[in-house]
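**Student:** Chain by chain, the residues:
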Amino acid sequence: MHIDLFLTCVNDALFPATGQATVRLLERLGHTVGFNPAQTCCGQMHLNTGYRDDALDLVRKFVRDFKDSEVVVMPSGSCAAMVRELYAEAARWAGDDELLKDVEDLAPRVFELSEFLVNKLGVTDVGAYYPHRVTYHPTCHAMRALRVGDAPLQLLRNVRGMTLVELEGANECCGFGGTFAVKNPDVSAAMLTDKARHIIDTGAEACTAGDNSCLLHIGGGLHRLRSGARTVHLAEILASTEQEVFI
Amino acid sequence: MSDHGGLHPAQPFPAAAREQVVKAQLRANLRKVTTTIRAKRANVVEELPHWEQLRTLGAATKDASLVNLSDRLLQLEQSVRARGGYVHWARDAKEARDLVARIAQAHGVDELIKVKSITSDEIELNKALEERGIHAVETDLAELIVQLSNDRPSHILVPAIHRNRAEIQALFNAELPGEGALSDNPAELAGAARRYLRHKFLTTKMAVSGVNFAVAETGTVCVVESEGNGRMCLTLPEVLVSIMGIEKVLEKVEDISVFMELLPRSSTAERMNPYNSFWTGVTPGDGPQEFHLILLDNGRTNVLADEFGRQTLRCIRCSACLNVCPVYERAGGHAYGSVYPGPIGAILTPQLLGMHDKNANTLPGASSLCGACYDVCPVKINIPQVLIYLRTEANLQKGLTAEALAMKGLKFMMSEGWRFEGALKLARVGQGPLVRGDAIPSLPGMLGGWTQSRDLRPFPKEGFRDWWKGRSQGTGPADVNAAPPETVQKAEDGPIPPQKKEGGQFDAEPPREDTL
Numbered sequence: 031m032h033i034d035l036f037l038t039c040v041n042d043a044l045f046p047a048t049g050q051a052t053v054r055l056l057e058r059l060g061h062t063v064g065f066n067p068a069q070t071c072c073g074q075m076h077l078n079t080g081y082r083d084d085a086l087d088l089v090r091k092f093v094r095d096f097k098d099s100e101v102v103v104m105p106s107g108s109c110a111a112m113v114r115e116l117y118a119e120a121a122r123w124a125g126d127d128e129l130l131k132d133v134e135d136l137a138p139r140v141f142e143l144s145e146f147l148v149n150k151l152g153v154t155d156v157g158a159y160y161p162h163r164v165t166y167h168p169t170c171h172a173m174r175a176l177r178v179g180d181a182p183l184q185l186l187r188n189v190r191g192m193t194l195v196e197l198e199g200a201n202e203c204c205g206f207g208g209t210f211a212v213k214n215p216d217v218s219a220a221m222l223t224d225k226a227r228h229i230i231d232t233g234a235e236a237c238t239a240g241d242n243s244c245l246l247h248i249g250g251g252l253h254r255l256r257s258g259a260r261t262v263h264l265a266e267i268l269a270s271t272e273q274e275v276f277i
Numbered sequence: 077m078s079d080h081g082g083l084h085p086a087q088p089f090p091a092a093a094r095e096q097v098v099k100a101q102l103r104a105n106l107r108k109v110t111t112t113i114r115a116k117r118a119n120v121v122e123e124l125p126h127w128e129q130l131r132t133l134g135a136a137t138k139d140a141s142l143v144n145l146s147d148r149l150l151q152l153e154q155s156v157r158a159r160g161g162y163v164h165w166a167r168d169a170k171e172a173r174d175l176v177a178r179i180a181q182a183h184g185v186d187e188l189i190k191v192k193s194i195t196s197d198e199i200e201l202n203k204a205l206e207e208r209g210i211h212a213v214e215t216d217l218a219e220l221i222v223q224l225s226n227d228r229p230s231h232i233l234v235p236a237i238h239r240n241r242a243e244i245q246a247l248f249n250a251e252l253p254g255e256g257a258l259s260d261n262p263a264e265l266a267g268a269a270r271r272y273l274r275h276k277f278l279t280t281k282m283a284v285s286g287v288n289f290a291v292a293e294t295g296t297v298c299v300v301e302s303e304g305n306g307r308m309c310l311t312l313p314e315v316l317v318s319i320m321g322i323e324k325v326l327e328k329v330e331d332i333s334v335f336m337e338l339l340p341r342s343s344t345a346e347r348m349n350p351y352n353s354f355w356t357g358v359t360p361g362d363g364p365q366e367f368h369l370i371l372l373d374n375g376r377t378n379v380l381a382d383e384f385g386r387q388t389l390r391c392i393r394c395s396a397c398l399n400v401c402p403v404y405e406r407a408g409g410h411a412y413g414s415v416y417p418g419p420i421g422a423i424l425t426p427q428l429l430g431m432h433d434k435n436a437n438t439l440p441g442a443s444s445l446c447g448a449c450y451d452v453c454p455v456k457i458n459i460p461q462v463l464i465y466l467r468t469e470a471n472l473q474k475g476l477t478a479e480a481l482a483m484k485g486l487k488f489m490m491s492e493g494w495r496f497e498g499a500l501k502l503a504r505v506g507q508g509p510l511v512r513g514d515a516i517p518s519l520p521g522m523l524g525g526w527t528q529s530r531d532l533r534p535f536p537k538e539g540f541r542d543w544w545k546g547r548s549q550g551t552g553p554a555d556v557n558a559a560p561p562e563t564v565q566k567a568e569d570g571p572i573p574p575q576k577k578e579g580g581q582f583d584a585e586p587p588r589e590d591t592l
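Here the protein sequences line up with chains A and B, keeping their order.
Following the working numbering, the numbering of the first sequence begins with 31 at its first residue and continues without gaps.
Following the working numbering, the numbering of the second sequence begins with 77 at its first residue and continues without gaps.
For the record, the hints were derived by calculation from the structure and aren't laboratory data.
Hints should not be assumed to be uniformly reliable.
Stated by the list, open to error - Here are the simulated DMTMM-like pairs of lysine to aspartate or glutamate, each with C-alpha atoms no more than 25 Å apart in a straight line: (1) B:K116 / A:D180; (2) B:K545 / A:E274; (3) B:K456 / A:E115; (4) B:K108 / B:E200; (5) B:K99 / A:D224; (6) B:K281 / B:E366; (7) B:K170 / B:E153; (8) B:K281 / B:D362; (9) B:K170 / B:E200; (10) B:K116 / A:E202; (11) B:K474 / A:E274; (12) B:K456 / A:E134; (13) B:K474 / A:D216; (14) B:K545 / A:E100; (15) B:K484 / A:D180; (16) B:K281 / B:D186; (17) B:K434 / B:E366.
With the sequences and hints as input, model every part of the structure.
**Tutor:** Rendered as structure tokens:
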């Protein structure tokens with residue numbers, strides 16, 4: 031299958047390794063991957079912060095960039111949820127019927143990485159090897175908006191060499207919430223403190239998730255606490271093999 | 077007191093939350109109670125295999141009533157009058173509390189009893205009555221605790237969620253006459269409250285209640301509660317005044333049945349409420365002989381008029397969204413500054429007041445958009461979506477702020493792939509002074525909130541796009557979307573304009589110095 035990668039702006043700016051891992055993983059599974067260099071951002075930050083008109087420009091751009099794609103895969107639950115859940119709403123709020131039609135046409139072809147592998151391709155063992163103790167944080171949008179279910183866990187359970195440990199309060203938000211972390215820093219920090227404490231309590235070397243924006247937040251907290259625990263994107267674990275452990 | 081009553085927050089949410097979030101005892105109390113109710117709710121909901129269908133039915137039933145609200149209300153008015161009751165219309169909080177005071181004065185009462193009612197808190201009824209020399213006695217145990225301590229409710233269902241046993245012991249010993257020294261035993265404390273209230277039930281002539289549901293077809297009014305105090309108030313006094321938000325009306329008696337499944341499981345995590353009271357007008361010789369129904373608007377028709385915000389009026393005040401909200405759990409109800417706290421308050425309060433209210437319009441920002449509230453809502457109010465919708469409505473009121481300009485700048489940068497790539501190259505160079513070791517520990521200006529408790533990872537030395545261009549020069553698999561080789565060779569010179577493909581898939585525009 032030919033898969034178009036939507037890297038996401040956060041990954042483009044701060045986590046190039048996640049994009050590389052996603053490409054390597056999909057190619058290892060026998061697919062070809064395309065990267066349209068015109069792509070930038072899904073517009074989630076603008077829409078969620080209350081800048082609908084600015085967001086709509088980016089929504090239209092996304093639709094333009096990917097309307098001919100067979101499938102679009104992105105290593106981010108929140109960006110996939112934005113496209114699948116909120117693009118249509120944004121078009122309705124703007125009263126743009128033409129955009130709504132385009133969105134309804136494109137959205138079903140857009141997937142978060144783990145749901146694409148498990149729910150669309152039916153693959154749960156990607157032949158990964160990752161010799162570390164890891165705990166998994168299910169991100170809110172993947173869990174509640176996309177309903178990816180235990181797709182990421184099915185993939186992680188088949189990673190060789192890895193010890194997967196359960197995270198207390200796993201289903202609770204880490205407190206990132208995009209600009210929420212900046213505009214409500216006190217509440218966000220209180221949520222992060224609880225999440226970080228639970229991660230440290232697992233004794234894991236790394237916390238993984240399907241979304242680098244959440245991991246940026248969690249990792250920033252763990253780093254500030256000098257905890258020694260780090261964060262790693264799910265794609266990087268799944269791309270690792272005995273020949274090449276990604277991190 | 078404002079015309080809107082107890083809705084208006086005294087300060088913006090972030091500032092109010094900052095004061096609350098540091099209270100360790102409050103945090104511990106909130107965590108304990110919400111965690112307990114959350115688990116119990118999940119259990120009783122799981123028992124029902126058709127829960128999702130019930131939610132859909134609940135939402136549809138409320139929507140059907142809201143679509144024809146004016147007809148339903150006129151029908152309700154007629155039905156109540158036909159059964160011997162009086163109906164009054166109140167445009168705002170002031171009109172509603174004046175109505176209650178006038179009825180009380182007409183009967184010469186200087187004390188009345190109350191069933192727990194957020195609508196009465198919304199109109200600041202107790203305070204208004206007190207100013208006219210009429211004392212309102214709360215008969216719900218938690219409401220009584222809040223009232224005796226001159227506090228405000230912190231939760232829709234558990235108003236005294238923020239108070240612990242020792243605080244209540246001290247309060248009752250100071251405020252309940254003739255009880256002697258009480259221990260902190262919950263049964264002993266409840267017993268003291270019961271004796272105090274029993275006397276009030278038997279000696280007070282007038283009662284005020286809220287309304288959970290009203291039926292247009294029959295004029296029947298319904299209150300659900302757990303302690304039996306409501307049943308006492310609704311049956312013993314001679315005069316009963318019920319205040320309802322206009323969104324509480326349903327068409328038929330059968331409509332109530334679906335909410336009798338949805339409401340108790342969602343709110344108290346019970347299969348059925350201990351007390352469900354229904355009354356229709358007046359019945360000679362049985363119950364209150366004078367019944368007044370006050371229909372309160374107080375901003376609700378404005379909410380109704382908004383196509384996207386309207387679903388907020390489906391709310392049946394179960395408080396399930398409060399119990400799962402991570403923001404509520406840390407900040408508590410007082411941070412929301414209104415009688416409606418939590419996720420539902422974050423969308424209801426600003427809509428009732430209007431999005432121009434500069435404190436209330438910070439409430440839609442009081443959420444990380446985790447979506448837990450939508451999952452548990454028994455009437456499927458898509459709270460995260462309404463929050464996002466209202467954030468735009470709030471920003472439109474604020475005009476061109478620094479944040480709005482920053483967002484415009486970011487959008488401009490992200491409107492073209494090459495522009496974004498160029499900006500990232502600049503950022504890699506420009507971040508130098510901020511980087512300490514392997515992290516950025518402090519950010520300036522608007523972004524300072526981030527580094528208050530988190531480090532930021534620096535921009536990496538090599539971007540994904542550089543890697544992608546490198547491998548597409550022949551080593552990687554066939555790649556239809558990669559930039560042509562001649563572009564790659566120029567990569568070191570700066571940002572690369574995307575190449576226009578056949579069919580015009582990419583927007584091509586040459587990079588201009590002045591746009592970077």
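**Student:** None of the hints should be skipped; say for each whether it holds.
**Tutor:** Right, here's what the structure says about each hint:
At roughly 23 Å between alpha-carbon atoms, B:K116 and A:D180 fall within 25 Å of each other, so this suggested pair holds. Note on B:K545 and A:E274: the hinted pairing holds, with a Cα-Cα distance of about 21 Å set against a maximum of 25 Å. Pair hint B:K456 plus A:E115 holds up; C-alpha atoms about 15 Å apart against a cutoff of 25 Å. Our distance criterion of 25 Å between C-alpha atoms is broken by B:K108 and B:E200, whose separation comes to about 29 Å.
For the suggested pair B:K99 and A:D224, the alpha carbons sit about 15 Å apart, so the restraint of at most 25 Å is met. Taking the CA atoms of B:K281 and B:E366, the gap is near 11 Å; set against the 25 Å cutoff, the hint holds. For the hint pairing B:K170 with B:E153, the CA-to-CA distance comes to about 21 Å; that is within 25 Å, so the pair holds. This hinted pair checks out: B:K281 and B:D362 have alpha carbons roughly 14 Å apart, not beyond 25 Å.
With a CA separation close to 9 Å, the supplied pair B:K170 and B:E200 stays within the 25 Å bound. Taken as a hint, the B:K116 and A:E202 pair is honoured in the structure, with Cα atoms around 17 Å apart against an allowance of 25 Å. A hinted pair counts as satisfied when its Cα atoms are at most 25 Å apart, and B:K474 with A:E274 does not qualify at roughly 52 Å. Restraint check for B:K456 and A:E134: satisfied, since their Cα atoms lie roughly 22 Å apart, inside the 25 Å limit.
Of the supplied pair hints, the one linking B:K474 and A:D216 holds, its CA atoms being roughly 23 Å apart against a limit of 25 Å. A C-alpha spacing of about 22 Å is found between B:K545 and A:E100, which places the hinted pair at or below 25 Å, so the restraint holds. For the suggested pair B:K484 and A:D180, the alpha carbons sit about 38 Å apart, so the restraint of at most 25 Å is broken. At roughly 10 Å between alpha-carbon atoms, B:K281 and B:D186 fall within 25 Å of each other, so this suggested pair holds.
Among the hinted pairs, B:K434 with B:E366 is inconsistent with the structure: their alpha-carbon atoms are about 42 Å apart, more than 25 Å.
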